[in-house]
Every structure is written in C-alpha cells, then in structure tokens.
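Asker: Top to bottom, those sequences are chains A and B.
Residue numbering for the first sequence is 1 to 429, as defined by this note's numbering.
Residue numbering for the second sequence is 1001 to 1437, as defined by this note's numbering.
Heads up, a few of these hints could be off.
Stated by the list, open to error - Stretch by stretch, here's where chain B covers chain A in the computed footprint (C-beta under 8 Å, at least three residues):
1) 43-53
2) 129-138
3) 161-171
4) 191-198
5) 278-289
6) 356-364
I should point out that these hints are in silico values taken from the structure, not numbers from a laboratory.
Since the model is a prediction, treat every value here as computed from it, not as a measurement.
Think of the CB as a built atom: it goes at the ideal place given N, C-alpha and C, for glycine as much as any other residue.
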Amino acid sequence: MKSTQPAWIRNMPAPDTVVVHRFPNGLQLYLYENHSVPAVVVNGALRVGSVCDPPEKYGLATLMAGMLRRGTRSHSFTQLNEQIESVGATVELSGGRHALDIYAKALAEDLDMVLTLIAEMLQEPAFPEDEFQRLKQQTLTRIQERDNDTHSMAYITFRRLLYGATHPYGHPVTGNRESVSRITYDDVRSFYNQHVGPQNGQFVIVGDIDPVDVITRMDALFSQWHGPSCSVQIPNVQPPSAVRSEHVTITDKAQSDFVLGWLCVPRKHPDWTPVVVANTIWGRFGMGGRIGEQVREKQGLAYYVYGSVEGNFAAGTWSAVAGVSPDKVQQAVDSILVEVQRLREEPVTAQELADAQEFLIGSMPIRLETNEGIAAAISDMVWYDLGLDYLLHLEDRVRKVTPEDVQRVAQTYLDVDAYVLAVAGPSPY
Amino acid sequence: MGLSRSVRSSGSTLSVDSNLTRVHLTNGLVVLLKEIHTAPVVSVWVWYRVGSRNESYGRTGASHWVEHMLFKGTEKYPAGAYDRLISRVGGVFNAMTWMDYTAYFQTLPASHVDLALDIEADRMVNSVFDPVEVERERTVIISERSMNENRPTFLLTEEVQNTAIKAHPYHHEIIGWPSDLRTMTRDDLYEHYRMYYTPNNAVLVITGSFDTWEMVERVKRYFAHLAPRPLPRLSITAEPPQRGERRVVLRGGGDTHYVQVAFHAVSATHEDFFPMVVLDAVLGGAKSFGGGGTTNRSSRLYRGLVATGLAADVGSWVGPTIDPYLWWFDFTVNEGHSPEEVEAAFWKEIERIHAESVSAQELEKTRKQVRAHFVYGSESITNQARWLGFAEVVTSQAWLDSYLDRIAEVTVEDVQRVAQTYLRRDQATVGWYIAER
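In isolation and in its complexed conformation, chain A is listed as follows (with noise of 0.2 Å):
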C-alpha cells in the first residue's frame, strides 16, 4: 500500500498506511505492513490495570494477566510454552497502570497459530490452582529483589510521594509485599470475571502480513468475545506546594540512586510537545542534556543521569533521575535545581533548540526501523486517542515549539521550592 510520508521515512504508519478494521464487541484492530524479514509483532492491551486493583490487593490486576498465560480449557501451561518455544516464538501477558498488555514476536508463518493461543488465554483461561501458588511465590521473590534494588526504590518512592498511597498511580503496578500475599486464588478468578473484556481495547500487528488474511482470522477468533471492563475514574492530584522528600534506606549498597521530580501534563495535552522539547534540551539531547553536563560531564558525579517525561489518562509527571555516590545526593540534587532555575528563568538559545527539534524530527526513522518500533508508535497513538496522523504531523508540531514554550512550560510544571525527592541507598548519617 503506497502512502504519502515524507521520501525521508520509509516507515510511516498513517491513516493511509495503517489498515483499520472495528468489530461489533468494541475491539479494534490496526495492520501495518512490513515485509523486510519474515516477522511479526502483535502488540495488544486491554482496558483493565493497576488502576482497577481493589485498595487491600494491589498486584491483582498484574498476577491476574499472569494467570492468563498459566493455561487455557484446550492448553496447560506446559503445552502453551512447548508450543509457542518450538517455533522460536514469544507470546506474554502481562500487567500495566490502565493495560493489560499483549505481547507476540514470531516468524510470520507462525501468526496463525500465535494469535489462536492469544485468543485461548484472553477468553478461555484455565486457572490452574498448583500455577496460581508458583506464579504467587514467583512474584513475591521478585518484589523481594525489587525491594532491595535503589533504582526500583526512588521510582517507586517518588510516585508514592506524588500521587498518595491510596491514589490510582501512587502503588505500584505489581503491588507490595503485604497486599500480593493477600491475594488468593478465588481473588483471582472473581477479577477476570469482574473486569475482562474487549471493549475499548486494541490490538496492533505489524509484520510480514496480509491484512485481508489477519482481518478474517481475527475476526473468527475475537468478534464473538463479550465480556465485563473495568472504568475507573482517576483522582485529580495537586502539585506539591512545598519539598516532599523521603530517603528508603537500603543497606550494602555502593550507590544511591534518586528521582526529583514534578506533576506533569497527561498524555493527550497541547503541552505535552513543548514538555518534550524542554526534556530533550534539560535532559536527553547528546549524554543527558543540560542535566548530564552538569551532572555526568562537568562534575563526574552519574554514570546516568537523564531527564523524564510520563505521561498517562491523567496527569503525568516530569523528574530527572540519577543514580550517584551516597555522599554525593545533595550536590547533584542542586546542580539539577540549578539548571530547573535557568530553564525557567532564561529562554533557550535558538541553536540549542534547533538542535533537540532536529533530533526529535530525525531520529523518527530509526525509532520506526523494526516492527517492535512501528507496533509501538501505532499502540501509543491509539490507545491515548491521539490520531492516526499523529506521526505525520510530528514535524510540524517540533519545529512550532518555540523558547518562549520552553521557558512557559519549565514555568508552569518545574518548581525549585516544591517537588518530590525519593532517594534509596545506604543512610544519609
């Protein structure tokens, strides 16, 4: 199918490109030809999450897309792995903040058989109770590791700090220690029942595929599906008005690691591209941008040091993450406030906006080189409802960003008497 993307792009999923087909039970289906090697990518996601884990079960939702893929009425789980293995496949499920996603890799003459398993887990899983235990033990020793991990801690921290403990965003996604324990089979069971089906959700196949062929065999596999959802309405959050900051003492660690940050713009939001903008100067253009030459080039104290943006159904967030020396938390801290200071104060120089718009803008057909890549641009554009023609018009969007934006938007979100500081590593004293 020919299209009219720029000459510079060769793939460029658009209206025109990408073949759209809805069926009656509200799911929507979205094709995208690839015939550079003989592979597929299925990117799908339902409309159930985190966001829907009752307030004592947070991880619910997470080890109930688990379970799913732990045996189905014609498959156990044994047969499930054989089969999908032998062919150098890959099918999983798992659990998100407002998804239950979907993830396929095969060789294309394998699509049929993958998306058959696909449709087995979604609507005919088996629940076997000798899996629920292990995939519970599993998850538990992986929080365990997770807890013990300062990356994992400051990010978890953060959100918990910004958002509330209670709030839909402030847990997370595959819950704590105390809440997975509490989680039994019967949970498990009811919250399939409850929340599963396939209204508002997608899926995405891009690949060496005929769209007709996937079309038909979707539609015997999916388009008598009915089932329940799950709809949650998301708490508004208020900034932070003043320092909200939290050290999680981990010990035996060589490094300390940490997230600054603020409340951001939801995804679907006119200023999420000057946000964008703003980060690729503050913090990713080159080694980290403004933050990394500060942080990592000048004072030698990052490996990593970047900048952040998230964004979600509500409000998202922006933060600078780094991961330092235990004793060297607070330098880097005011060297990132340093630079929020004159992002807010001082316009960005022409040059050094050209720069991060041209790499915004340039680094599109490398983004979209693989199916991985074009599956996932397609599944953000449909799932946050920005438009099919959202990529085609990202040029134009970048280069209207202005430094009067930038400075507007390092204004309105970045604060440097009020944020949040989560820190986990050995103890401060």
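Position chain B relative to chain A; hints supplied.
Answerer: Only chain B this time, still in chain A's reference frame:
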C-alpha cells in the same frame, strides 16, 4: 495457507551473501559494506581488536576507560561535540567494551554518513585524552562500577568468574578492579590507546542505504591516509586445566539468595562450540541475536527448577569468544528454598543428560529457535552491522555464514559427549550469594 504473503527476503539474513563487500585498505583497515535498502539510514561501526583480554595487572579496565575517552574529544571535535553533532541529525550512538573488542557505532540518516566517517577516522588517531577530562571520567566510571556493585548478582558473577579463571585475562571484569580505577594515570590510558587504536587493528562496518562503490571512495577519503603502527606482542597466559571443584560463598544484604555455576567453555572456533550452544539451548533456552529475547519456559532447567518452585528464575549463557571462556548457569532461589536445594536440582538435570543425552525433538526445536532468532536479528541494520563486525574480530565471516548449518549438524551423541566432558563437578565453580538482612 497462512497469514503472510510469500516474501522474497531482501538480503536480510545474518549470513554473508553476495550483498557483502570486503575491502582492505593498504594501511590494514578492513572495510565491510552491506547495502540494505529498507530505510534511508546507515549504521557505521568501528571495531578495535582490544578488550579486557588485552589487560594486565595495574591496567584492568583500561580498554573500557579508553572507550569513554573516545567521546571526550579530539582537536577537531572537542568534548561533547560528538554527542551533539550526531544527536542533532537524529542519530543514535553508543559504544561497548567487551573481553575481545571495543566497538563504536552510530546509526543515522544516510545523508549524514560523512559526519560518522569523519568522526571515526578522527578519533581513531587524534583523541586528546585531556587530563581534566580523564579525571572527570574516573569518577564516572567508579560510579558505573558502583551501580553494578549494587546488584548482588554482579558481585557473585565477579567472584565466580575470577575463581573459575585464575590465569587468563578473562578473569577480571571488563570495568576493572577498583584500585586500578583509582590509580591509572592519563598516560597509562593514552599508551593503551596508542598501542591498539590503529587502522591495522580495526574493522569498519557500514550497513544501510548507500551505493557500495561510491561508499568505498568515501571511506578511502577519510581513512586511507591514516598510518598503520606496529601492534604490541600480546602475551596471554592460557588458563591451565582445573583440577577440582571450586566453591565461593558471598554474604550480603537483601532477602534473595542466588546460585551461579560456571564451567569452562571452548573458543568459538573449536569443534565442540556448536554442540555446546545446542546443549545450552536445551538446558536454558536459545539465546537471541539482538532481535528480541525469548523465554525459556520449555527448557530443561526451567521445567526442573522453576516449574517445581525451587527457583523463581533460571538463565544460562555460553557464547563465541576468541579464547575459552565460561559456560554460565544462574538461578534466583525462591523464598522458602535454599541454595543447596537449587544446586542439587541443577546437578540432577545435568546427570540426566550425562546418562540419556537429549531428544531428537529437542534438537529440532533448537534449530527452529535459532533460525527464528536470525530472522529477528536482521530486522535492524544496526544489528546486522553488529554481527558482521563481531564475526570479523572474534571468529570469521565463514563462521557466521555457516552458523545455522553447524547448529543443524549437531547430533544427540555430540551433546552427550559435550555434557560428559565439560559439565562435570570437578570442572565447576559454584557460587552462592546468601542474603542476610
């Protein structure tokens, strides 16, 4: 039939085909060019035949540090210029130091290939190693080491590795020992750089959208005038045979125990290498070629240890190296179970293979998995370039070209023999990490 159109592969395999052009410049630079016209991008790599294998006492970590310094400026491109120039055209870049090589790459729009060639030719011979920048990188690299040390599995791997390997330079971690990182001088690093960074010790690989003969002329413009230098004579102590089981126990923070077992492997060109790779796939799952990882839930060790609840996770690895390295098996012990139980279950699985080998079905599965991984690995021109360069410095193009065939030739007898020869207790180094909160 199926859901795919039947497609002609557009030269998109990891194996060498008629799309690969090889040129040797008179200064010794090896140039590999492969046209792949799936997108208007190019990937430019330079591989140097130097890694931790080339390091001795007092200089461990030098190759990795030199890699860092190659981003810290020449006269033409001062510190930071490189990152900005590549990023501003939308390019992605990185570098990696390993045991057998150091490699640098940038993938960028094809119209900017001159920038990549200019930078690589320049920093090959003109890197400045400014003492101020060396000192800044000292703390950055110490920070990188600290980041690694935060992980109990890194600590255990380091311990097992330098217990399993006593004499050969593969015994130390690529990042180097802490005291060397604190004491190496600017001149030590610069000397290491001048010894090994020379066109006659390098391979230039370019994949993507270009015309081969036009690119050859471009490459000559940038690289042909660089003078070769004699290479140092490398004295590497060969690892002597292991004369009995070795064990190490680490204790540290956290709540999770780990077990790692390492055996001696063979070099990539040894006749037992491919049977080892096949057995490793049966035991711990086939490994990816950079096109995406796969799961190992149908593997022997997963079924024997994870499906039974003893371990939360199991992994294994054996890979192509110039000299013999290690064959690794690693386990995350599940809560409520002990390292003893996990290790015992591991040996039971190994003893089964000693006695019965593996099945023909498992061999067929491995062949299919490896074939699929080759396909996935060809999706990106960056990854294709990576494998061409890797093969050139570690093995050969013929080795890469025949990889799938060599895998297919492995028999159940080969697998049994390799298990009995290499996977033995008296050849093992066993490490336990015991968490003590």
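Asker: Three or more residues of the stretch 161-171 of chain A near chain B by CB distance under 8 Å?
Answerer: violated (count 0)
Asker: Examine the stretch 191-198 of chain A for residues whose CB is less than 8 Å from any CB of chain B, and state whether their number is three or more.
Answerer: violated (count 0)
Asker: Counting residues of the stretch 278-289 of chain A whose CB is closer than 8 Å to a CB in chain B, do you get three or more?
Answerer: Contact hint for the stretch 278-289 of chain A vs chain B: holds, 3 residues under 8 Å.
Asker: Counting residues of the stretch 356-364 of chain A with a beta carbon closer than 8 Å to any beta carbon of chain B, are there 3 or more?
Answerer: holds (count 7)
Asker: Holds or violated: the stretch 43-53 of chain A covered by chain B, criterion of 3 or more residues with Cβ-Cβ distance under 8 Å?
Answerer: As far as the stretch 43-53 of chain A goes, the hint is violated, because 0 residues have Cβ atoms under 8 Å from chain B.
Asker: For the stretch 129-138 of chain A, do at least 3 residues have a Cβ located nearer than 8 Å to some Cβ of chain B?
Answerer: holds (count 4)
Violated hints, in rising order: 1, 3, 4; the structure is consistent with all others.
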